[in-house]
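Asks: Please build the complete structure, drawing on both the sequences and the hints.
Mapping of the sequence shown onto the UniProt record's numbering: residues 1 to 726, in sequence order.
Since the hints were made in silico from the structure, they are not lab data. No experiment lies behind these values; they were computed from the predicted model shown. Among these hints, one or two may not hold up.
Said to hold, decoys possible - Subject to a maximum C-alpha distance of 20 angstroms in a straight line, what follows is the list of computed EDC-like cross-link-like pairs (lysine to aspartate or glutamate):
1) K639 / D623
2) K460 / E473
3) K577 / D623
4) K80 / E69
5) K577 / E538
6) K54 / E65
7) K114 / E69
8) K80 / D154
9) K169 / D189
10) K662 / D645
11) K667 / D623
12) K127 / D154
13) K127 / E61
14) K275 / D387
15) K639 / D688
16) K54 / D170
17) K614 / D668
18) K54 / D73
19) K80 / E65
20) K169 / E197
21) K90 / E65
22) K52 / D123
23) K127 / D162
24) K335 / D450
25) K54 / D387
To be verified - The following label-pair restraints were derived from C-beta to C-beta distances:
26) G388 / Q446: 17 to 25 angstroms
27) T501 / L684: 48 to 56 angstroms
28) S716 / T565: 51 to 59 angstroms
29) G411 / N202: 41 to 49 angstroms
30) N202 / T440: 33 to 41 angstroms
31) N695 / G310: 40 to 48 angstroms
32) N545 / D232: 54 to 62 angstroms
The beta carbon of each residue, even a glycine, is placed where N, CA and C say it ideally should be.
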Amino acid sequence: MKFLRPLFAVLLVLFLFVGVVVFAQEEKTPPATTSQEVRQAPQKFDRVDRNKNKILDDLEEQIREATPEAGFDVIVMAEKSIDEILPTLKSRHGEFSETFTYPSINGFATNLTKGQVIAISADADIKLVEFDAPVFAHLDSANNWFGTAKARADFGVDGNADGQATYSKDDIVVAVIDTGIDTTHVDLDGGKIIAWEDFTPNNQPNPYDETNECVGHGTHVSSIAAGEGEADPNFKGVAPKAALVGLKVLREQNGDCVGQTSWVEAAIQWIITNKTTYSIEVANLSLGIAGCSDGNDSTSQLVNQAVDAGVVVTVSAGNEGPTGCTIGSPAAAEKAITVGAAADVDPGSSASGVCSMFGHRFFQIPGDLPGKGFYLACFSSRGPTADGRTKPDIASPGVFIKAAAAGTTNGYKNLTGTSMSSPFAAGVAALVLHANSALTPTQVKQKIGDTAQDWGPSGKDVDYGFGRLQGYEAVKSAGSFSGTGPVVPSHSFTADSLSPTNTQDFWDINVTDASLPIAVTMIMPNWSGQTNPDFDIELLDPGNNRVGLSQSTTRQETIGIQPTTTGTYQLKVYRYKGSGPYFFDVSFGEAAVAITLTTDGTTPFGILALGNTKDTTPSGTNDVQTVEVTTGPANLSVKSTNFSDDSNTWTLATTNGANQVKWEFSKDPTGSPPWTTFTTANTLFTLDNNVAQGNTRNLYLRLTMPSSTSSNNQHSSTVTIVATAP
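Replies: Written out as structure tokens, the structure is:
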């Protein structure tokens with residue numbers, strides 16, 4: 001038998017009138033959402049130059065069989081400035097017309113023949129030539145479980161940096177590079193969009209979005225980052241008072257939602273050029289090109305330039321996981337915050353068999369998105385990058401996220417993907433900057449990484465990055481605030497291995513709070529499609545009944561269930577074929593608040609005459625009981641049983657009588673009211689609320705004996721102190 005490390009303290013305290021058991025547990029019911037969007041993967045193009053001929057492999061593959069006169073849309077990066085290099089290239093290699101220029105990287109977009117591509121790539125003044133590849137979108141309770149709602153409430157940050165009711169450049173400004181924004185939705189109206197550009201051939205002057213093939217993707221993304229929640233406050237964005245800039249680069253075309261690399265780069269260059277004009281502080285790109293990039297492509301380089309210009313850039317990691325080296329462009333940009341997708345505690349829906357979500361139509365490989373618990377989404381793209389760097393940077397909520405639905409004035413819809421996790425991180429960056437506007441983009445990235453809860457192997461890793469995003473802790477650190485984040489499930493990491501002689505392992509999970517889900521993410525780091533170990537997992541309840549099972553053929557297995565009872569659950573990891581290491585992260589419920597009785601837990605009243613009253617104050621038995629909140633804050637309540645001698649019972653009531661006592665408690669007998677009566681047995685009564693961690697509370701008791709009794713034997717009662725999360 002194996003045990004998770006660390007094991008968890010059982011929060012039991014003895015407090016006796018003659019004998020009393022006291023325990024602490026969190027009582028919290030998370031909200032739920034419904035429905036989903038699942039997208040399909042397009043063809044992959046690796047964004048690397050493996051043979052170092054200055055033609056990225058995606059373009060080299062395109063031109064291989066083409067005639068010299070065939071034309072290709074390309075992007076060129078030069079060693080010299082645009083103004084200097086363009087006339088020189090045209091004189092050397094023939095005329096062409098540039099569709100966009102990118103001064104920040106000495107780049108331009110154009111159409112070249114195959115012959116020109118080969119000739120220009122050989123020019124000493126050229127850094128790189130690449131395909132102007134199609135770009136696709138990387139297709140509530142998350143605010144609560146990832147700490148952003150509590151950060152807004154505790155620290156007064158929401159993106160409204162100037163304190164005015166109207167939106168302007170003086171607020172925190174988030175640019176969204178996507179399909180557009182529907183400003184007829186009440187969560188995104190009222191002048192929230194302070195600037196707009198359409199880089200697609202549609203070239204519309206006013207904000208809009210498309211709702212068929214593009215499913216209102218940009219509206220949904222914008223709502224996650226900064227939606228006001230006017231139609232329903234449960235679905236506020238992360239930074240609901242931040243201003244937005246809408247930059248449209250994806251459109252509906254030929255039955256899909258697609259853009260061009262050159263359009264995306266034009267939008268990034270626009271941000272760099274107009275950063276001061278609109279005070280753009282954060283930019284989000286929930287889009288990209290499939291494959292494995294080394295970050296040297298032009299889009300990734302422009303993202304790095306935007307960061308250098310003072311803009312925090314969040315980029316969706318992609319939806320090609322759980323296979324390694326699936327971080328494409330621009331997610332591979334070194335200076336971006338590259339965001340993977342995790343589930344919150346109750347995403348509200350589940351999907352079986354879904355583990356790749358990129359593009360338009362359904363595309364499924366074996367995998368699961370459970371409806372319960374913190375876990376890493378199986379589709380979330382993984383590192384390393386093609387040049388060996390560790391990406392993603394953070395795991396943020398991206399499973400069944402409900403936000404504004406384009407084409408409606410007040411509707412909401414669920415979408416799933418790293419497209420959803422990236423704007424959530426962008427919203428956190430906006431809150432961090434509201435807390436401390438002096439931070440640089442590098443410092444914002446560091447705050448988010450340093451305050452993450454470490455999941456996966458210790459430190460930054462290719463699955464979770466720095467770990468699970470903790471919005472509350474990031475904002476608290478940025479503003480040097482004090483406070484305690486939301487109560488969430490406990491977390492534990494375990495690593496081991498299986499072999500032909502060790503075919504299965506059992507791990508104990510000690511659940512002390514059944515109100516929170518159990519979720520397991522198990523990963524085989526040495527997995528590959530050809531030489532893979534194939535391990536599976538199942539979860540057994542305390543009665544040895546199977547309550548969860550994951551048997552995919554991918555690198556990751558995932559289980560998420562709602563337990564029906566506390567006790568010791570067992571995770572079974574077993575070998576289907578192959579051998580090698582595995583690790584798993586588990587989130588589960590243990591009492592999230594803890595109390596300790598600092599006194600002896602017994603309160604003898606001695607021999608009392610019928611009808612008499614005695615208390616535990618200094619003028620009575622002088623036997624106060626004291627409880628300390630060791631993990632908090634916590635709300636404290638008390639309850640009591642009837643008094644019994646095993647054969648005779650004295651019941652609790654508002655007055656004493658025949659076989660009836662008046663039984664009272666107080667945290668301060670000199671207060672107002674000084675005493676509260678236990679009017680019924682086994683019913684909770686408030687002692688005190690929101691007691692800070694480390695603080696103590698006294699419990700005084702007062703007993704008025706029955707007027708008459710059927711038994712003169714010693715009677716006792718059990719008083720229970722219960723701690724719950726505020």
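Asks: All hints, please: hold or fail.
Replies: Right, here's what the structure says about each hint:
| no. | hint | result |
| --- | --- | --- |
| 1 | K639 / D623 | holds, 19 angstroms |
| 2 | K460 / E473 | holds, 18 angstroms |
| 3 | K577 / D623 | violated, 64 angstroms |
| 4 | K80 / E69 | violated, 27 angstroms |
| 5 | K577 / E538 | holds, 16 angstroms |
| 6 | K54 / E65 | holds, 18 angstroms |
| 7 | K114 / E69 | holds, 6 angstroms |
| 8 | K80 / D154 | violated, 50 angstroms |
| 9 | K169 / D189 | holds, 16 angstroms |
| 10 | K662 / D645 | holds, 17 angstroms |
| 11 | K667 / D623 | holds, 13 angstroms |
| 12 | K127 / D154 | violated, 50 angstroms |
| 13 | K127 / E61 | holds, 19 angstroms |
| 14 | K275 / D387 | violated, 30 angstroms |
| 15 | K639 / D688 | holds, 13 angstroms |
| 16 | K54 / D170 | violated, 43 angstroms |
| 17 | K614 / D668 | holds, 16 angstroms |
| 18 | K54 / D73 | holds, 16 angstroms |
| 19 | K80 / E65 | violated, 31 angstroms |
| 20 | K169 / E197 | holds, 16 angstroms |
| 21 | K90 / E65 | violated, 25 angstroms |
| 22 | K52 / D123 | holds, 13 angstroms |
| 23 | K127 / D162 | violated, 43 angstroms |
| 24 | K335 / D450 | holds, 16 angstroms |
| 25 | K54 / D387 | holds, 16 angstroms |
| 26 | G388 / Q446: 17 to 25 angstroms | holds, 21 angstroms |
| 27 | T501 / L684: 48 to 56 angstroms | holds, 53 angstroms |
| 28 | S716 / T565: 51 to 59 angstroms | violated, 29 angstroms |
| 29 | G411 / N202: 41 to 49 angstroms | violated, 24 angstroms |
| 30 | N202 / T440: 33 to 41 angstroms | holds, 36 angstroms |
| 31 | N695 / G310: 40 to 48 angstroms | holds, 43 angstroms |
| 32 | N545 / D232: 54 to 62 angstroms | violated, 38 angstroms |
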